[in-house]
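K.L.:
Each chain, letter by letter, is given below.
Number of protein chains: 2
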Amino acid sequence: MKHSALSRLGQRAEAPPISWLIELSLTRPQLISLAAGFTDGETLPVKDARELLCEVLRPGKSGQTALQYGTTAGDPMLRELTARDFRLKDGILDNDAAYSPDRMIISNGSQQMLYMVTEAVCNEGDIVLVEDPTYFVFLGILQSHGLQGRGIRMTQEGIDLECLEATLARLKKSGEIRRLKMLYLVSYYQNPTGVNTPFAKKLAALKLLRQYEKAAGHPIYLLEDAAYRELRFAGEDERSALSARGFASRVIYAGTYSKPFATGTRVGFGLLPGPIYDAVRSIKGNHDFGTSNLLVQLLARAIESGRYETHLEALRRRYAKKARTMLAALRQYFPKEVSWWEPRGGLYFWARLPESVPAGVKSKLFHRAVAQDVLYVPGELCYANDPTRPKPANEMRLSFGGGSEVNIRAGIARLGGVLKKFVGRP
Amino acid sequence: MKHSALSRLGQRAEAPPISWLIELSLTRPQLISLAAGFTDGETLPVKDARELLCEVLRPGKSGQTALQYGTTAGDPMLRELTARDFRLKDGILDNDAAYSPDRMIISNGSQQMLYMVTEAVCNEGDIVLVEDPTYFVFLGILQSHGLQGRGIRMTQEGIDLECLEATLARLKKSGEIRRLKMLYLVSYYQNPTGVNTPFAKKLAALKLLRQYEKAAGHPIYLLEDAAYRELRFAGEDERSALSARGFASRVIYAGTYSKPFATGTRVGFGLLPGPIYDAVRSIKGNHDFGTSNLLVQLLARAIESGRYETHLEALRRRYAKKARTMLAALRQYFPKEVSWWEPRGGLYFWARLPESVPAGVKSKLFHRAVAQDVLYVPGELCYANDPTRPKPANEMRLSFGGGSEVNIRAGIARLGGVLKKFVGRP
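Sequences listed follow chains A and B, in order.
Quick note: the first sequence uses my numbering, first residue 327, plus one each step.
Quick note: the second sequence uses my numbering, first residue 327, plus one each step.
Hints may be right or wrong, so weigh each one.
In this list, chains with the same sequence are indistinguishable; a pair is considered to hold if it fits within one copy or across any two.
To be verified - For lysine-lysine, the following BS3-like pairs were computed, each having C-alpha atoms within a straight-line distance of at most 27 Å:
1) K746 with K717
2) K540 with K498
3) K647 with K387
4) K373 with K387
5) K647 with K747
6) K540 with K415
No wet-lab data here; the hints were simulated from the structure.
All chains, please: the whole structure from these sequences, using the hints.
P.N.:
Have a look at this one:
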């Protein structure tokens, strides 16, 4: 057989590293995983979900509705509750079209929304700008579709705008700008760095992108992945790019209830500008003609009853506490040569080793860590295959999401012990 | 702006007719829909689902597991139960590798499996053979991916093998065989015709496909869509193509629990040969890294407890009864010039008008029917855009799945009244 059995996409598709890491941690109970972006087990709303599902599945018509097909875009009540909620979060009090439930599509987690948007917007060979580093499963989507990711340098205040501008100018000069379709930002408590991007920076990025649209010959979208937005520890919410007046036609917003409510329920959503909305709804029809009505109604009822908000408050306090636990452990157990970014929300610390110490999948350090039953996400997995810069290999993503505080402390202690063998402390 | 904002796929994607028909029937309660493939409302397992979810979500660890991420391939227990069940259905008593749970991936209904398999196997411009007529949402998948569907004539005993052979010979002669990737069969109580394909025909098709693999230069798969398999009214189950000894490496089997249990739960599965399995699991990782664990555990528990089987027996009796009701109504109310195929399972009758009477989406007949508040699926929607034959426009798919018996009778009476205005009865 000369030809492979697989399509180009089928050949390019690789198991996301997260699958492998999740499976490793599920099958080795003695292993402490600081890798998987699991949500906190003990806080999971088991009682809420049970009681809400009993209400959703009450005898009679309404119980039947939850077990029947819904519409492709998803339950109108969940869309209305969500759209209003996010409009108010952004401080918009009037009826702004950007937050219309008619622009919203419910998806299987925000992950499916990222996938469908990429399908709707990008052709093989196109270019997508991403944070450097970024969410690795999004890189898997790019990879499988034959797309090029170009990294924009990340700072503790979000992407470096000068780097964005220089990249755009370079793409314009080379003519590649005609293949540039999107800038992808994980704008809240980013996966993997924990960085929260200020609204002003989103606005500045939108203005820059617009300047290059003429050269591109088509719209350049900002795909805002807000998966961790709800998981801030305290303080004020940052406005989303949707609230940038005059730019709603260029913003694609992907949100989720998986992380803030329960990852096992897989309900996310997108708010999408007109042409993208139509295409994504059609693609959603082809994928699965609509997310499970049972799950969607569970979420709608959770929000309507106020249980979602109550749960979320508890979850925030819990994560804030676990982050403090990890911080204390890092200070206690990590060698002083290792630095980290301290998050104000989300699930992750981003740690940086001396440049001379590789921490990648094939590194001795990673293998030693696994042998010592502690797992982290090698930072190199979070970098696009961008030929314009070498991939840093001396970083690690450390999650405090899934583990107990005892395990977080023990995991960091184990990892600290491994690190001390690799990082000079003469 | 010279370039569209959308990718080629985004531009080609069209809302599946089913979305539009479902939404029409959801928003016009007075309308009797004989169109949507809804399952029977009154039989939906509301009480079973409620009680099972209460067990799944019991306090403690196991309740937490259901609300947490699972693996990409899906819960091992559901895969084991399903694989064993389908092996036994096919009369295979030993451990046949074709039915290994390690070849199984859980998906969001079988629909997502069809989508992912198409992604894994087909490149833009490739050819897929389909029944003529076939499941229209699969045609939507082909359309959006820039694939060509070629229709193989349908008989009341499944595809016409002579037509299959002639088509393969023609493709070989023209060289197009190198772009032929799959034969897609909805082999049980087909959507839209209700036809059940005998095992002997599946085996003969597999043998024919194999003869042409050398000319193709790659494997040619049989994608068996068994969405309606469980919905036979009575009698013996037909063996699946998986049981064709020596052909397991060429069979992709897509099944579902949506239709036999509850469409609102969206749990389906695929049994896939090696290279396709790996690619589809990676694609699944990129789509959503695994179907909702809550839904998957609900189904596993439904099967394990025996409630699924009990429910299914009741559902079969119910559909058999509704089919008899529709049959009696057709005999009573339809003009004698209209003929139909009587199903022995599934959800559909397939009716044929005189060739001179168009019944398509743009026909006067369809519009008159909608004006009279009765909806059917125009048969023409179920035909691929195959340039080698004109599309028949004088057929209709009539579903007895969702309606009550009163509504089935009333709907057929209304439609019969409309038909009599168009079909000569001098």
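K.L.:
Does each hint fit the structure? Answer for all of them.
P.N.:
Hint by hint, here is what the structure shows:
In this assembly of identical chains, the alpha carbons of K746 and K717 lie at most 27 Å apart only when taken from the same copy (24 Å versus 72 Å across copies). When the C-alpha separation of K540 and K498 is checked against a cutoff of 27 Å, the pair qualifies only within one copy, where the shortest distance is 10 Å, while the shortest distance between copies is 47 Å. Only between protomers do K647 and K387 lie at most 27 Å apart by alpha-carbon distance; the minimum there is 21 Å, versus 43 Å within a single protomer. When the C-alpha separation of K373 and K387 is checked against a cutoff of 27 Å, the pair qualifies both within a copy, at 24 Å, and between copies, at 12 Å.
Taking identical chains as interchangeable, the C-alpha atoms of K647 and K747 are never at most 27 Å apart, the minima being 29 Å within one chain and 73 Å between chains. For the identical chains of this complex, K540 and K415 are neighbours neither inside a copy (33 Å) nor across copies (61 Å), given an alpha-carbon limit of 27 Å.
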